[in-house]
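Numbering (the working numbering), first residue to last: 1001 to 1344.
It is worth saying that the hints were derived from the structure and are not from the lab. One thing to keep in mind: the hints can contain errors.
[Claimed, not checked] Derived SDA-like pairs: lysine to any residue, alpha-carbon spacing no greater than 20 Å straight-line:
hint, residue 1, residue 2
1, K1328, V1237
2, K1037, Q1014
3, K1131, G1169
4, K1071, L1094
5, K1131, L1156
6, K1131, K1299
7, K1071, L1229
8, K1131, W1087
9, K1302, I1254
10, K1299, I1254
11, K1071, Y1039
[Stated by the list, open to error] Now the in silico label distances, taken between C-beta atoms and shown as ranges:
hint, residue 1, residue 2, range
12, N1041, E1065, 15 to 23 Å
13, M1001, G1133, 28 to 36 Å
14, Q1171, Q1002, 24 to 32 Å
15, L1292, E1150, 20 to 28 Å
16, D1027, E1319, 33 to 41 Å
17, T1003, A1289, 34 to 42 Å
18, G1339, K1071, 26 to 34 Å
19, L1127, D1070, 20 to 28 Å
20, T1005, G1067, 21 to 29 Å
The beta-carbon is built from N, C-alpha and C at its ideal position, and this holds for glycine as well.
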Amino acid sequence: MQTVTLGSTGIVAQRNGFGALPIQRDDTATAVRLLRKAYENGINYYDTARGYTDSEEKIGAAFGEMGIRDKIYIATKTHAATPDEFWRDLETSLRNMKTDYIDIYQFHNPRRIYRPGDGTGMYEAMLEAKKKGMIRHIALTNHSLKLAEEGILSGLYETLQFPFSYLSGEQELRLVRLCREHNMGFIAMKGLAGGLITNSAAAYAAIAEHDNVLPIWGVQREYELDEFLSYIHNPPVLNDELRAVIDRDRRELIGDFCRACGYCQPCTVGIDISNAARMSQLIRRSPSAPLLTQEQQDKMKKIDDCVDCRACVSRCPYELDIPALLRKSYEDYKKIVAGEVNIR
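Given only the sequences and the hints, what does the whole structure look like? Please build it.
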């Protein structure tokens, strides 16, 4: 069984982390079944957030009465911007997950790196929570390369969660190296690039080349979980076949593409940016029928309403020209709907 040690935390996690964002879309019974199946088959790291609606409650329903708290690691996040909000979030998370402590407590994509004495009181709140035994490790998630690097170099955080997949470039690889040099755990979100990577074996094998990186895979359906469970005892390796898959995807996808992080939302005129901006890629890499319904065509038509306010651009951590991406995606989509482009 392959494992990853998360820097100075001493946490040794099975190489498949369970990303619990998607279970908010499952009913409770389904979510509980998936979580327990993951645990029973060796997964011991579970990542959620206060902002993921009822995901924390489902983790509590799955594990709260099983008596296995010392056998699993639970990470969650807070969007709090004040100490009062911090304490409310932390107490809510503990109550939801029916636990006395959280292993890794993460500032959730903050717009600044909190430090002791910066006037916000946020890092001091983390320290107090740790002193009280409510949390065990102080951590950070982000989508900004600049802030992520600042967080690593500060020496104040024990893990970083950041998007990382085989579509990542040299800048993301630099973060992985910096985390290793500073004995800081690196947790990879979006290992499937928001659904654009469709070969999970290739995704697993590529990330496994970095022995200090723990990927968390978003799981909503049982077949998704089964794929990653199968890799526990038969881990994919980078052979010629998987390298060919990765090379093809890199040729097709690397560049200005939407990672579907969602931080651009909400749109001023109601465009579903995360899906619309990457429709050109999605429709070529997923079953096309659900993406060509009248309902979906109406959603794409909303792009015509774009007023170029660029509010989405100001919030995009990847500094993408979102209005331009939307228009390009819609032009391609219209050609597909009209039958001018063959996607099969």
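Each hint tested on the structure:
1. Note on K1328 and V1237: the hinted pairing is violated, with a Cα-Cα distance of about 36 Å set against a maximum of 20 Å.
2. Under the criterion of a C-alpha separation no larger than 20 Å, the hint pairing K1037 with Q1014 is consistent with the structure, at around 14 Å.
3. Distance check on the hinted pair: K1131 and G1169 sit about 38 Å apart at the alpha-carbon level, beyond 20 Å; violated.
4. Among the hinted pairs, K1071 with L1094 is consistent with the structure: their alpha-carbon atoms are about 17 Å apart, no more than 20 Å.
5. With a CA separation close to 15 Å, the supplied pair K1131 and L1156 stays within the 20 Å bound.
6. Under the criterion of a C-alpha separation no larger than 20 Å, the hint pairing K1131 with K1299 is inconsistent with the structure, at around 49 Å.
7. For the hint pairing K1071 with L1229, the CA-to-CA distance comes to about 18 Å; that is within 20 Å, so the pair holds.
8. A hinted pair counts as satisfied when its Cα atoms are at most 20 Å apart, and K1131 with W1087 qualifies at roughly 14 Å.
9. Proposed proximity of K1302 and I1254 is contradicted: the alpha carbons are some 26 Å apart, above 20 Å.
10. As the CA atoms of K1299 and I1254 are separated by approximately 26 Å, the hinted pair breaks the 20 Å bound.
11. Distance restraint check for K1071 and Y1039: the Cα-Cα separation of roughly 9 Å lies within the 20 Å cut-off, and the hinted pair is therefore satisfied.
12. At roughly 20 Å, the beta carbons of N1041 and E1065 sit within the given window of 15 to 23 Å.
13. Distance hint check: the CB atoms of M1001 and G1133 are about 30 Å apart, consistent with the given range 28 to 36 Å.
14. Against the hinted window of 24 to 32 Å, the Cβ-Cβ separation of Q1171 and Q1002 comes to about 26 Å, which satisfies the hint.
15. At roughly 43 Å, the beta carbons of L1292 and E1150 sit outside the given window of 20 to 28 Å.
16. The hinted range of 33 to 41 Å is satisfied by D1027 and E1319, whose Cβ atoms lie roughly 38 Å apart.
17. Between T1003 and A1289 the beta carbon distance is about 40 Å. The supplied range of 34 to 42 Å therefore holds.
18. For G1339 and K1071, the hinted distance range of 26 to 34 Å is not satisfied, since their beta carbons lie about 55 Å from each other.
19. At roughly 24 Å, the beta-carbon separation of L1127 and D1070 lies within the given 20 to 28 Å, and the hint holds.
20. Distance hint for T1005 and G1067: a CB-CB separation of about 25 Å, consistent with the stated range 21 to 29 Å.
Violated hints, listed in ascending order, are 1, 3, 6, 9, 10, 15 and 18; each of the other numbered hints is respected by the structure.
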